[in-house]
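*Asks:* Residues per chain are reported as follows:
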Amino acid sequence: MNSHNLHAHDFAQATLNRRRFFATSASGLGSLALASLLGEEGLLAGDPPAAVTHFAPKAKRCIYLFMEGGPSQMDLFDPKPRLNELDGQPMPESLLQEIKFAFIQKESARLMGSPRKFQRYGQCGMELSDLLPHLSTCVDDIAMVRSMHCEQFNHLPGQLMMLTGSALQGWPTLGSWLNYGLGSESRNLPGYVVLATLGRGLPGGASSWSSGFLPSQYSGVQFRNQGSPVLNLASPADISRGAQARSLQAINELNRLRHERVGNPEVASRIEAYELAFRMQQTAPELLDLSGETAATLAEYGLDRDEAAQSDKSGFLGSYARNCLLARRMIERGVRFVTLFLSTWDHHSNLDSGLARYTRISDQPIAALLKDLKRRGLLDETLVVWGGEFGRTPLGENRANFKTVTGRDHHPYSFSMWLAGGGVQGGQTLGATDEIGWGVAERPVHVHDLHATILRLFGLDHKRLTYRFQGRDFRLTDVHGDVVDELIA
Amino acid sequence: MLVVEWSNRWFRSVALIAVILFSAAACRQSAAAEESIDFEREVAPILQRRCLACHNDRDRRGGLSLQSAKAARAGGESGEVIAPGEPASSYLLDLVIPHDETAEMPKGEPPLTQQQVESIRRWITAGAVWPEGVVLEPPVLWSLTPLRRPPAAAIAEQRAGFPIRNAIDAFAAAGHRKAHVEAAPQADRRTLIRRLYLDLVGLPPAPAAVEAFVADDDPLAYELLVDQLLASPHFGEHWGRHWLDLARYADSDGYLGDAIRQHAWVYREWVIDAINQDLPFDEFSIEQLAGDLLEAPTLSQRIATGFHRNTLRNTEAGVDLELYRTKEIVDRVNTTGMVWLGLTLGCAECHDHKNDPVTQREFYRLYAFFNNADEVTAAATRPWEKKEYERAQQSWRPAWEQLVAELADFEIDELTDEQKTEIEKTLDEQTKATDLKAIAEYYRTDDPDWSAMRAKVEQQLKAKPVAPSTKAPVFAPRTKDRRETHIHIRGVYNRPGEQVHPGTPAVLPELQPRGSTPDRLDLARWIFHADNPLTPRVAVNRIWQHLFGVGLVATPNDFGTKGAEPTHPQLLDWLATEYRRRGWSRKAMIRLIVMSSTYRMASAVNAVPGQQDLGNLALWRQNSLRVDAETVRDVHLAASGLLDTTIGRRGIRPPLPAFVTEVGRSVQWPVSEGGERYRRGMYILFKRTVPYPMLMTFDAPDAAISCSRRERSNTPLQALTLLNDPVFYECAQTLGRQIAERHPDPDDLPAATDEIFRRCLARPPAAAEREALIAAYRDLHRLARQGDEAIEPAHDPHRAAITAAVRIVMNLDEFITRD
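Residue numbers (my numbering), protein chains in the order written: chain A, 1 to 489; chain B, 1 to 819.
Check before you lean on any hint, since a few could be wrong.
[To be verified] Some, not all, of what chain B presents toward chain A, calculated at C-beta under 8 Å:
1) 231
2) 557
3) 605
[As the list claims (entries may be wrong)] Below 30 Å or equal to it, Euclidean Cα-Cα: the simulated DSSO-like pairs (lysine-lysine) are:
4) 327/B <-> 463/A
5) 354/B <-> 387/B
6) 456/B <-> 437/B
7) 386/B <-> 425/B
8) 562/B <-> 463/A
9) 117/A <-> 463/A
10) 107/B <-> 463/A
11) 327/B <-> 386/B
12) 480/B <-> 100/A
13) 354/B <-> 463/A
14) 106/A <-> 327/B
Don't read these hints as lab results, they were simulated from the structure.
This structure is a prediction, so every number in the text was calculated from the model and none was measured.
All residues carry an ideal CB built from backbone N, CA and C; glycine is no exception.
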């Protein structure tokens with residue numbers, strides 16, 4: 001195949017399009033046997049769709065661990081001894097020209113070292129800070145990129161850039177592109193699911209998983225990690241399970257009569273959609289039911305920790321650990337793309353305690369997720385991406401109304417992200433920043449390059465995965481992006 | 001795989017050999033034909049039709065133009081392409097000779113025919129003579145050809161079942177003949193009345209209206225119904241919502257701040273009113289683009305400029321405000337291009353348009369029109385707001401006057417007249433309790449009853465109605481510090497290139513400015529210039545689209561090279577001229593179209609047995625369409641009788657679970673109370689980062705960019721929403737209660753199912769449907785009586801089962817489909 005012919009604008013079919021939420025469906029028209037569905041386990045996998053890829057795919061699924069707010073790279077992944085030495089010194093003026101900050105007062109800004117202790121781990125000897133004791137046991141599966149860079153200085157433009165390849169609202173997110181390009185492998189769940197552990201909310205709200213100008217069925221579906229997982233999944237309180245099943249049967253029976261009468265394929269799609277909806281009602285709650293997981297697994301994710309049971313904001317660990325475990329369960333059930341948002345790493349002040357808190361929430365569950373995937377043989381085909389929208393300044397943030405300097409400002413000019421699994425060459429640290437961690441010194445990787453690389457891991461050429469909109473063939477990478485070959489195993 | 005590749009290769013070599021053999025033969029032939037080759041008759045049309053779209057003097061793809069002899073001889077980036085007399089060394093031939101049925105050129109299109117290749121070869125062999133002075137013109141995009149009124153199609157024969165009611169039908173019938181299809185029969189009266197209601201006012205007909213129409217044998221009944229609906233104030237709501245899609249209307253800024261635009265609704269109300277009054281489309285448009293520049297503009301004309309105030313706005317701390325200001329202007333140019341001209345101008349933001357005749361310079365000349373529009377507000381308190389305020393005051397005042405009288409009992413004894421006047425004045429102007437401090441010394445504040453008195457006063461003051469002060473976002477011409485406009489090199493806003501002045505693309509009629517510096521008003525009037533072929537085509541195509549689901553041009557915002565071509569070019573042009581002829585009356589055009597037999601055809605895919613063309617390109621039937629997101633809500637509310645039909649005004653917030661509203665930053669979602677909760681879908685407050693999930697599930701646009709065509713997806717999330725959304729279930733319960741009360745006797749089930757069908761689908765059930773629903777009712781009755789481990793037995797199983805039956809019908813495809 002040398003062209004990726006995915007244009008949705010088949011005009012002749014404009015009114016006949018059988019829009020689908022799931023790209024595949026095992027059930028045909030009229031084949032519904034509700035009684036058997038009621039008992040069906042609903043575990044995994046219809047036939048994989050006949051996806052058109054440009055290269056042999058290495059990754060089939062992705063878990064994107066989105067660290068909203070911009071985590072501080074020099075306190076986590078990128079040790080800067082020289083910065084520590086220069087602690088309290090002003091920045092070389094040459095570096096400050098042309099630079100703008102959200103809050104830092106340029107004139108009186110001072111460099112700020114990191115109190116973290118770094119150490120080498122694993123066979124590869126990757127350096128990590130003492131805030132990441134659990135992740136340090138997974139480094140040989142991880143490719144650390146210390147030379148990420150971007151132009152977007154503010155949260156939402158930065159997040160949109162990272163999620164959609166454009167700083168403007170209205171573009172499709174990576175998960176939408178992948179589902180558009182590859183379809184979904186899940187019979188009973190959406191192909192693109194979002195779980196959020198929220199501090200003060202996401203700047204982009206639902207734009208963070210929007211399908212933008214792609215058809216809406218490629219949009220992410222927000223799941224809750226407790227109760228009823230999807231909006232409107234639960235039947236009304238006074239409708240019993242039996243009544244729901246009987247109602248569904250009647251709906252489809254009457255829709256079939258209509259289909260016979262008018263022959264419109266949309267009616268057949270509607271019947272199919274109801275069958276799938278019903279199946280989702282049966283199986284999605286099972287997704288959240290962790291009673292089948294062993295105590296060892298729950299403990300590995302940290303779900304046995306006391307704080308995991310707390311429901312207030314200090315109970316984030318519980319929420320995040322649960323989301324990590326659910327991500328694995330979704331991957332097992334064929335979900336193509338799972339995004340876990342963790343908000344917020346926006347540490348303008350109280351950086352040390354903030355980082356301690358957010359790593360305490362996330363370090364153990366993330367390491368557990370990597371190990372769990374690996375143990376189950378899922379890591380090979382599951383790409384895991386960790387990153388925020390940008391990093392943080394080597395300068396301390398001396399905001400006008402701050403009494404003391406305890407945090408860092410936004411910094412898109414160099415920051416770190418990591419990838420694992422899904423065909424990524426683990427055990428490497430790619431790129432480098434300069435000695436104070438201001439700019440990229442070696443092997444710059446732009447966000448567009450990262451996107452090009454992720455698509456390549458899925459067997460897609462970022463230049464050929466296009467969608468025609470407003471007279472133009474749009475791409476995730478716009479008109480940019482180079483695949484980072486070093487990252488691919 | 002290997003076998004396939006090998007055989008492919010084999011095929012290719014065979015094909016190649018065939019070509020070579022054939023060429024050799026042709027060479028011999030051409031010697032004889034040499035003398036007779038006529039460039040202008042045989043070669044020029046090929047170049048013109050197949051090459052010049054890209055290889056013209058303006059675009060020069062690959063450096064090559066084939067417009068003139070000189071340019072053709074000069075060749076392109078790869079050097080000469082024509083070697084006169086030497087076909088074998090002419091690169092042009094290499095490029096166009098097909099291998100495996102594809103050729104390098106014309107790029108991305110079917111190759112030339114053998115005969116065409118031969119003509120070119122013969123011409124080259126004969127010395128590639130290009131007569132003096134012959135300059136070829138690049139092909140003109142169909143949409144840019146002058147708009148002329150085509151003669152009405154000849155009517156060969158009136159076919160029974162497809163009466164020719166107006167010119168539309170004549171064109172459609174000609175299309176049927178051409179495509180060898182038979183027109184579907186006219187739809188039955190029940191389908192027609194529901195179709196008209198949903199298309200014109202976006203609401204379903206009440207059962208009584210259906211029965212009256214079905215029983216009415218007046219031949220004018222249909223026409224009268226059309227007129228009645230066009231006159232309905234709900235017409236402006238439904239067609240206003242179509243327009244709001246184009247206007248990317250939302251009630252918040254978007255981006256991180258996503259602040260609520262408190263008074264955005266004033267523009268929405270303007271749209272509804274303007275469409276209800278049938279403000280001619282030219283005036284309607286000019287006021288929105290440049291109402292502020294009209295002579296002594298009325299408030300209404302200024303409010304109209306809210307159209308371009310609906311752009312996204314980024315207010316995040318530290319954000320580059322100039323960047324986002326320019327992005328708003330870019331959006332205004334793009335939107336103007338798509339909405340009125342059907343041109344994807346956005347492609348020229350960074351470079352010359354790759355397909356359509358718009359240069360980057362021309363893009364920024366259009367940009368210049370919008371670069372000096374200031375964003376201001378207009379005091380726009382609506383008459384209904386004032387009335388609402390007066391009413392509120394009237395109900396507030398008596399209690400307040402009573403309190404003032406009671407207060408007098410607490411006055412200290414020795415007050416002077418002056419002090420008494422001061423008290424009177426202060427109390428009269430009271431807005432908040434703290435104001436009382438100024439006169440506190442005149443009262444016996446040590447009285448044991450004082451604190452209770454004071455509390456009553458405070459409470460009453462809190463309830464004091466606030467005078468409305470509505471400020472509509474509008475444009476105003478920038479008079480001071482007017483901005484210069486420069487080309488943004490590669491679209492980067494802070495890389496200014498050449499300075500440009502306001503102007504319009506060269507391929508369209510010339511701008512006729514009123515003064516020396518053209519302004520937005522000149523641009524707006526130019527859009528409606530009598531010789532502008534795009535505007536009427538684009539505008540009428542959208543009306544068609546809303547009445548058939550698909551436009552005559554399937555890409556309503558792209559009438560360019562890469563857009564779809566019209567399925568019925570003559571019909572489109574006839575309608576376009578007709579729109580102008582009828583004074584740009586939207587209602588007149590809608591009336592014309594819905595009166596046609598073409599509109600009134602049945603929509604069933606199998607309406608004509610055995611007929612192909614499932615895509616209905618030949619318009620042999622109506623299309624069956626799932627209604628828009630807002631209408632999905634409206635049909636539920638209307639069928640249950642819950643609908644609040646208030647028109648216009650502020651938006652509402654229906655209940656939403658916290659996990660939906662919490663994803664955004666500090667989202668306040670105070671739920672609307674009372675009947676307001678049941679207002680139409682178009683009034684649901686649209687917060688860009690937290691869009692109302694039901695609307696998005698049914699493909700409402702996200703209001704980031706102008707939307708001229710909605711998707712119509714069909715998903716399990718829609719099924720879950722229809723089944724379980726609390727609002728929809730409340731509708732089922734409400735209608736269920738009514739039906740159960742009117743038909744309390746379980747022996748009355750046929751009548752009950754009949755009524756459910758009539759209320760929801762505007763028709764009685766067929767026998768099989770009635771049976772199926774009654775059978776479901778019986779099972780559901782039993783299940784309700786029994787309950788299960790999670791659910792108590794229902795205390796009124798009849799009502800529970802009827803409600804469940806209503807829920808079933810409200811979940812049918814037909815309920816949310818306009819047939």
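*Asks:* Next, verify each hint and record whether it holds.
*Replies:* Structure-based check of each hint:
1. 231: Violated, about 30 Å.
2. 557: 6 Å, holds
3. 605: This hint holds: residue 605/B lies near chain A, its Cβ roughly 4 Å from the closest one there, short of 8 Å.
4. 327/B <-> 463/A: Measuring from Cα to Cα gives roughly 25 Å; hence the hint holds.
5. 354/B <-> 387/B: Judged against 30 Å, a Cα distance of about 55 Å means the pair is violated.
6. 456/B <-> 437/B: 15 Å, holds
7. 386/B <-> 425/B: 24 Å, holds
8. 562/B <-> 463/A: The given pair, whose Cα atoms are some 19 Å apart, holds under the 30 Å limit.
9. 117/A <-> 463/A: Roughly 42 Å separates the two Cα atoms, so the pair is violated.
10. 107/B <-> 463/A: 18 Å, holds
11. 327/B <-> 386/B: 37 Å, violated
12. 480/B <-> 100/A: Since the Cα atoms of residue 480/B and residue 100/A sit roughly 28 Å apart, the hinted pair holds (cutoff 30 Å).
13. 354/B <-> 463/A: With Cα atoms ~17 Å apart, residue 354/B and residue 463/A stay inside 30 Å; holds.
14. 106/A <-> 327/B: 28 Å, holds
Hint compliance for this structure: hints 1, 5, 9, 11 are not met, and every other hint is.
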